[in-house]
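Asks: Keeping their order, the protein sequence lines are chains A and B.
Each residue of the first sequence is one higher than the one before, counting from 26 in this note's numbering.
Each residue of the second sequence is one higher than the one before, counting from 345 in this note's numbering.
The set of hints was computed from the structure by calculation and includes no laboratory data.
Quantities reported herein were computed from a predicted structural model and do not represent experimental measurements.
Heads up, some of the hints might be wrong.
[What the hints assert, rightly or not] Straight-line C-alpha distance at most 27 angstroms; calculated BS3-like pairs for lysine-lysine: (1) 99/A to 129/A; (2) 586/B to 119/A; (3) 253/A to 354/A; (4) 119/A to 486/B; (5) 99/A to 119/A; (6) 228/A to 253/A.
[Unchecked claim] The following label-pair restraints were derived from C-beta to C-beta distances: (7) 46/A to 455/B: 57 to 65 angstroms; (8) 483/B to 236/A: 35 to 43 angstroms; (9) 483/B to 129/A: 32 to 40 angstroms; (10) 82/A to 576/B: 58 to 66 angstroms; (11) 411/B to 63/A: 38 to 46 angstroms; (12) 490/B to 82/A: 21 to 29 angstroms; (13) 220/A to 439/B: 52 to 60 angstroms; (14) 490/B to 346/A: 45 to 53 angstroms; (15) 132/A to 553/B: 54 to 62 angstroms; (16) 582/B to 129/A: 41 to 49 angstroms; (17) 299/A to 490/B: 16 to 24 angstroms.
Cβ coordinates follow ideal geometry from the N, Cα and C atoms, glycine included.
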Amino acid sequence: MGQITLSQVTKSFGDVQVIPPLDLTIQDGEFTVFVGPSGCGKSTLLRLIAGLEDITSGQIDIDGKDASDLPPAKRGLAMVFQSYALYPHMTVRKNIAFPMRMAKIDPEEQNRRIEAAAKARNVTDYLDRRPGQLSGGQRQRVAIGRAIVREPAAFLFDEPLSNLDAALRVGMRLEISELHKRLATTMIYVTHDQVEAMTMADKIVVLRAGYIEQVGSPLELYKRPRNKFVTGFIGSPKMNLIEGPEAAKHNAHTIGVRPEHIDISTTEGLWSGVVGVSEHLGSDTFLHIHDTGFGDMITVRADGEISLKHGDKVFLTPRTDVMHRFDDKGLRIE
Amino acid sequence: MGHRSADLLSDPLDHPDQLQDRSPPIFLGFDWTLENYAVVQERSNYMRFLWNSVIIAGGSTLLGIIIAVPAAWSMAFVPSKRTKDILLWMLSTKMLPAVGVLYPIYLIFVELGILDTRLGLTIVLMLINLPIIVWMLYTYFKEIPGEILEAARMDGATLREEILYVLTPMAIPGIASTILLNVILAWNEAFWTLNLTAANAAPLTAFIASYSSPEGLFYAKLSAASTMAIAPILILGWFSQKQLVRGLTFGAVK
Numbered sequence: 026m027g028q029i030t031l032s033q034v035t036k037s038f039g040d041v042q043v044i045p046p047l048d049l050t051i052q053d054g055e056f057t058v059f060v061g062p063s064g065c066g067k068s069t070l071l072r073l074i075a076g077l078e079d080i081t082s083g084q085i086d087i088d089g090k091d092a093s094d095l096p097p098a099k100r101g102l103a104m105v106f107q108s109y110a111l112y113p114h115m116t117v118r119k120n121i122a123f124p125m126r127m128a129k130i131d132p133e134e135q136n137r138r139i140e141a142a143a144k145a146r147n148v149t150d151y152l153d154r155r156p157g158q159l160s161g162g163q164r165q166r167v168a169i170g171r172a173i174v175r176e177p178a179a180f181l182f183d184e185p186l187s188n189l190d191a192a193l194r195v196g197m198r199l200e201i202s203e204l205h206k207r208l209a210t211t212m213i214y215v216t217h218d219q220v221e222a223m224t225m226a227d228k229i230v231v232l233r234a235g236y237i238e239q240v241g242s243p244l245e246l247y248k249r250p251r252n253k254f255v256t257g258f259i260g261s262p263k264m265n266l267i268e269g270p271e272a273a274k275h276n277a278h279t280i281g282v283r284p285e286h287i288d289i290s291t292t293e294g295l296w297s298g299v300v301g302v303s304e305h306l307g308s309d310t311f312l313h314i315h316d317t318g319f320g321d322m323i324t325v326r327a328d329g330e331i332s333l334k335h336g337d338k339v340f341l342t343p344r345t346d347v348m349h350r351f352d353d354k355g356l357r358i359e
Numbered sequence: 345m346g347h348r349s350a351d352l353l354s355d356p357l358d359h360p361d362q363l364q365d366r367s368p369p370i371f372l373g374f375d376w377t378l379e380n381y382a383v384v385q386e387r388s389n390y391m392r393f394l395w396n397s398v399i400i401a402g403g404s405t406l407l408g409i410i411i412a413v414p415a416a417w418s419m420a421f422v423p424s425k426r427t428k429d430i431l432l433w434m435l436s437t438k439m440l441p442a443v444g445v446l447y448p449i450y451l452i453f454v455e456l457g458i459l460d461t462r463l464g465l466t467i468v469l470m471l472i473n474l475p476i477i478v479w480m481l482y483t484y485f486k487e488i489p490g491e492i493l494e495a496a497r498m499d500g501a502t503l504r505e506e507i508l509y510v511l512t513p514m515a516i517p518g519i520a521s522t523i524l525l526n527v528i529l530a531w532n533e534a535f536w537t538l539n540l541t542a543a544n545a546a547p548l549t550a551f552i553a554s555y556s557s558p559e560g561l562f563y564a565k566l567s568a569a570s571t572m573a574i575a576p577i578l579i580l581g582w583f584s585q586k587q588l589v590r591g592l593t594f595g596a597v598k
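In isolation and in its complexed conformation, chain A is listed as follows (with noise of 0.2 angstroms):
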């Protein structure tokens, strides 16, 4: 129903190649987030799909047809973007019920969708308001509704979360979390923040200058990162990376420890250093260790109960079962 293919595909803007040749496959159903810093081509590549891009070359396949050549609107995909992108000259009722106007569906249905996805977004109290009169999180509401009246092979979304404020997020995420479970259609979420990619994710594709780094669920991409890259994308704090001779003894060029698999005492361990700024977030403290003789510092995640403070020598274990090795090109070696 809404599987999406890319075969080959790339991009260029004048002599700037984007997308370098790509192939992809998205399975029906499935929940893939594109990650990768600002410039990576992932909201590209979202774009190519939705076909407000044209391709350069190759061939995109929605449903095992070619859609390479359609136009946005015959592709039957739904995309939420990030500033909402609502008509602000109509009601939210409207608002919801133009992709129904364009499809020319019966009036009557189209208040039964309405009503039911305004009832679903919670926002059936706002349908008569427009939307300069709603919050940041209702517009977002009501772009999620506009998109699912539409009932698409696939949605896209483009950031949605960025312009909501942290909390107003959580609550956002949860709720296209559930609606993909509801739903079970596919869809393909674009961000730059790792925890929406990791909580929501079946599948996230990490993304840098339009190549892709790696596929993968987000356990196995936070349990075997392909490259150094990769690392810095998926974890949070980022995994610490310590080159030199301490990366030697493990016959490798780099190795990565994750902050949250290294040990903290006061009294014993296999490095040492000083703690810096220690941040506590109640449930954790991330501790930041200075002077490990490592060149960069070193970010330890401990219990929320730790009383350390600036200054405080401390002795780190890092747990050898768990920690990656990087080859000199920044590969993972196995």
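Once you've looked at the hints, dock chain B against the given chain A.
Replies: This is chain B only, laid out in the frame that chain A set:
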């Protein structure tokens, strides 16, 4: 000659024999009369001039908008490498003194047989104001977030539906102020209207000019004619104030 613009309104109310140089001008200490309005209306057919003005100003603006909306749409939303150059080139045509092209245009008009016709004037005024219409609409369209139009495309709208149901309603304040400004510009345009008309298509500018003749200036009648000429546009401006202000401070909801 201590004539002030404020006298424009009070002068037609003067008796002709009181019409002398005055300093300071007299506002209230005279006998009031509406006689000059009657004289002006009697001597020249105001309604005919008014009708010509309405047709020429309205027609040229409407024609201009019809051409400019798609032009501004393409320049604002699908710009090419040359878009900026084209915009500047269009504006550069406004830098040319009109009198510089009077002769060729006059000859073209004679050739086409549209001298002293409303059609000819409508076309010429549309063309001279087109750069401004396109520029204004381009600026307003630029304010509309592209994502909203993309959302319309994703929602299944064709290009026509996108322009009709999404772009145009969102740009209405901008389009309204563009229309108003261009009606005013065309209404008051005097160079081409005076040079390309004689009797048939002469609008209100020609009506005013007819009261400043080689035999002397008839202040009272000239003022009466001017007041009558600006009245319609003044009223239009008054009623569209709100739209105009909204248009000039236009911003789309994000």
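Asks: For every hint, state whether the structure bears it out.
Replies: A quick look at each hint next to the structure:
no.	hint	in the structure
1	99/A to 129/A	holds (14 angstroms)
2	586/B to 119/A	holds (26 angstroms)
3	253/A to 354/A	holds (9 angstroms)
4	119/A to 486/B	holds (24 angstroms)
5	99/A to 119/A	holds (21 angstroms)
6	228/A to 253/A	holds (19 angstroms)
7	46/A to 455/B: 57 to 65 angstroms	holds (60 angstroms)
8	483/B to 236/A: 35 to 43 angstroms	holds (40 angstroms)
9	483/B to 129/A: 32 to 40 angstroms	holds (35 angstroms)
10	82/A to 576/B: 58 to 66 angstroms	holds (60 angstroms)
11	411/B to 63/A: 38 to 46 angstroms	holds (40 angstroms)
12	490/B to 82/A: 21 to 29 angstroms	holds (25 angstroms)
13	220/A to 439/B: 52 to 60 angstroms	holds (57 angstroms)
14	490/B to 346/A: 45 to 53 angstroms	holds (51 angstroms)
15	132/A to 553/B: 54 to 62 angstroms	holds (58 angstroms)
16	582/B to 129/A: 41 to 49 angstroms	holds (43 angstroms)
17	299/A to 490/B: 16 to 24 angstroms	violated (51 angstroms)
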